[in-house]
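Q: Here is how the chains run, residue by residue.
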Amino acid sequence: MFKNITKIISIILLSFSISTALKAETIKVIDWQGGVVGITDSYAEFIKNFEAANPGVTVEYTQYTVATYNEYLKPALSSGAGPDIFAVYPGPDVDDINNAGHLVNLTEAMDSEWQSWLGESASIPALSRNGGLLMAPQDAFTEELWVYKDMIADLGFELPAFGDSYTVDEWIEISAAANAKGLDGLMFGPVESWCVWDGFYNMANQLNPEYPVDLTNKALNGEISWDRDMFRLPLEAYKKMHEAGVWREDSLGMDYQVQAWGKWLDREGVGIYCNGDWFTASAPAEHNTKDNANIFMMSYPKINGDVPMTYNKATGTNLGVNANSDNKDMALKFVRYTNSPEASTIFAKNGVIPVALAAMDLDILAASDNPLFNDGIKMLATEGRNTEIYYPQAEAQKALYDGIMEIFLGVASVDDVINKMNKVTGFDG
Amino acid sequence: MNLKFNYRTLLYLFPALLIFIVFNVLPGMTSLVLSFFEFSGFETNLFQKFVGWKNFIKISNDKYFWIALKNTFLFVFGAVFIQTGIALLLAIFIFFGNFKYSTLIRSIIFFPCVLAPVSVGLVWKKIFEQDGVLNTIIGLDFSWLSSVSLAIWLIITVNTWQWIGYTLVIYYAGLQSLNTELLEAADIDGANWRAKIFSIVIPLLWPTTILNMILNLIGGFRAFDIVYVLTRGGPAHYSEVLASYLYYYSFAAGGPSKMGVGASIAFVIFACIFSIAIIRVIAMKRINK
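As you go down the protein sequences, you meet chains A and B in turn. Here the first sequence is numbered in the numbering used here, starting from 4 and rising by one per residue. Here the second sequence is numbered in the numbering used here, starting from 1263 and rising by one per residue.
There could be a bad hint or two in this list.
Quick list of simulated restraints, FRET-style, between CB atoms [stated by the list, open to error]:
| hint | chain 1 | residue 1 | chain 2 | residue 2 | range |
| --- | --- | --- | --- | --- | --- |
| 1 | A | S13 | B | S1369 | 37 to 43 Å |
| 2 | A | E54 | B | T1365 | 57 to 63 Å |
| 3 | A | T65 | B | L1396 | 49 to 55 Å |
| 4 | A | T61 | B | L1366 | 50 to 56 Å |
| 5 | A | D157 | B | F1343 | 38 to 44 Å |
| 6 | B | L1396 | A | D309 | 40 to 46 Å |
| 7 | B | E1446 | A | T71 | 35 to 41 Å |
| 8 | A | T65 | B | N1550 | 54 to 60 Å |
Heads up, simulated DMTMM-like pairs for lysine to aspartate or glutamate below, C-alpha to C-alpha not over 20 Å straight-line [what the hints assert, rightly or not]:
| hint | chain 1 | residue 1 | chain 2 | residue 2 |
| --- | --- | --- | --- | --- |
| 9 | B | K1325 | A | D258 |
| 10 | B | K1325 | A | E252 |
| 11 | B | K1311 | A | D98 |
| 12 | B | K1311 | A | E398 |
| 13 | B | K1388 | A | D167 |
| 14 | B | K1320 | A | E398 |
| 15 | B | K1388 | B | D1324 |
| 16 | B | K1388 | A | E252 |
| 17 | A | K184 | B | D1403 |
| 18 | B | K1325 | A | D269 |
| 19 | B | K1332 | A | E398 |
| 20 | B | K1388 | A | E398 |
| 21 | A | K184 | B | D1324 |
| 22 | A | K423 | B | D1324 |
| 23 | A | K426 | A | E386 |
| 24 | B | K1316 | A | E398 |
In short, the hints are calculated from the structure, not lab data. Since the structure is predicted, the reported quantities are computational estimates derived from the model, not experimental observations. We treat Cβ as the ideally placed atom computed from N, Cα and C, and that holds for glycine.
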């Protein structure tokens, strides 16, 4: 009897030791890029290469969608048993996660080679706090509107030059022509709040009289009033486009990633609003070949023909290393690898624009078989104003989103929203 | 009372009680306490920053909270009165109609209950889309789910459609257990069908009605999935119910990420259900007296 008990206890202890030993060699990585083929394929290759170079190490990579990501991440981090590496949305979440002590300061952990790969991306303000980079950016993108060239031609319009975009009024004209043929102008998914904010920030930045000073950030902080043209005119432009039917009324209940994108793939609309380079690998293949490059990318609508070209260039997946991880060193090693020239080449091969462009030959990159990927590289290199899209002010951004949606619904005026923004941000005049 | 018997009863109850305490009582109490703290959901120490009534003041100043509260009561009204009422009429109609295919009719009405609410939501979303089935049939170009005033009523309609079969089946079971001698006696006395239904059947079904109303009331307050799938609380929070607004505050991508505020909304849901439960207990005691 005693022998049997001893045996059972020994087996349990042995199993526990084995599982602990195995656990120590397993790196868990999560992000929200579910459905983004280029990212999925790239990480599959990263993991294969990394595991081959580090025998005994296993990398478990799990993807969630944007909508469900926090349902997993919050309980995981607050329980103290979160993943070793996780993507962080560079908005309000950064401060919440950082203040809770979950993020490793990557700047302190970076060697000079890693820094040289990232170049300027090693110090992106939205990804940093107190001078330290908290998340390692993976992919770079420009937010764009994508349009089918043949549909624009069928409607009797001409495309703007590469890097330029249509004005709000031109979009209204194109959409009227599209509506007459039973099509939509733009597919729009405003249920995802960033689709609403980012266009607004772009249009506001077009009119920013003090660029490169970020007046939007000042307004979100309540340092300046919202009652100025650079905020009023974009709100009016949104109202005008909605009322003119640039997007269908039931867009207000659509998300971008599934519904709007799906309808655009079905060619129900000429263009898709607030799309971007992250989908270069997921674009409809038949419209994105060298022989038939039928998709054109352009920035957000211009408020009028006189404003400077303004882009939203940013990073997509941004990986943080869990400060409470038992495998912190190995996790850092994996994140470092994702920024390496080898990983960047894999990203590019899979149609994802790597953020670590400093170590890449842009001419070679921009000569791939994927026309949209090549255009994405060109767009990133196009000069113009750049717009910050990741702000930490959660309450103010919620109010802005709700306000714009209420303008769409006709239950609030532009003045109502401006007054509300002044109130929420605490601007005291 | 035998003390030994009580110990044994407790022992038998212990496993279920333990599960109930660990998975219901403790999370419920934690959520209640959390409503007095500022908590984003990422901190390992949940109870770090005590903020008193701040979360409750915040929701009381939030117009969308009041919209969500109003919608929740509309939803509960729909579930308790509309769903129960229609189910009662249908059950009586099918039971006394003596239809040849009454089992098939009941099965068809019950069928949506076995479907996942997410699937039901997705199908109805397709029906209500601007280029969806409904507009194609009636020849309109109207965005049903983007209507501030209609969205919540469409959600209530879909919910009623899905769960009416469940209420009907309970009523049907109640009808089958009725003492038919009373109806036969009423026939002999020359009572017409209206008198039999309203003076005999419906009063005799009162306990079943109470059961259905309570089940639908609890279901109404817990409504989340059908709202989330059909409208995600939109447009602009106008079809939000308390549970979906709680989710928005706590987890939604691009949302405020304030689980403390979410916990205070959960407390409001609890307070509503608890108040109604107390009223019910008092009412039942009076009725029994």
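Q: State for each hint whether it applies.
A: Status of the hints after comparison with the structure:
no. : hint                            : in the structure
1   : A/S13 with B/S1369: 37 to 43 Å  : violated, 58 Å
2   : A/E54 with B/T1365: 57 to 63 Å  : holds, 59 Å
3   : A/T65 with B/L1396: 49 to 55 Å  : violated, 39 Å
4   : A/T61 with B/L1366: 50 to 56 Å  : holds, 55 Å
5   : A/D157 with B/F1343: 38 to 44 Å : violated, 53 Å
6   : B/L1396 with A/D309: 40 to 46 Å : holds, 45 Å
7   : B/E1446 with A/T71: 35 to 41 Å  : violated, 58 Å
8   : A/T65 with B/N1550: 54 to 60 Å  : holds, 55 Å
9   : B/K1325 with A/D258             : violated, 24 Å
10  : B/K1325 with A/E252             : violated, 24 Å
11  : B/K1311 with A/D98              : holds, 16 Å
12  : B/K1311 with A/E398             : holds, 19 Å
13  : B/K1388 with A/D167             : violated, 36 Å
14  : B/K1320 with A/E398             : holds, 11 Å
15  : B/K1388 with B/D1324            : violated, 32 Å
16  : B/K1388 with A/E252             : holds, 15 Å
17  : A/K184 with B/D1403             : holds, 14 Å
18  : B/K1325 with A/D269             : violated, 38 Å
19  : B/K1332 with A/E398             : violated, 23 Å
20  : B/K1388 with A/E398             : violated, 33 Å
21  : A/K184 with B/D1324             : violated, 43 Å
22  : A/K423 with B/D1324             : holds, 12 Å
23  : A/K426 with A/E386              : violated, 36 Å
24  : B/K1316 with A/E398             : holds, 15 Å
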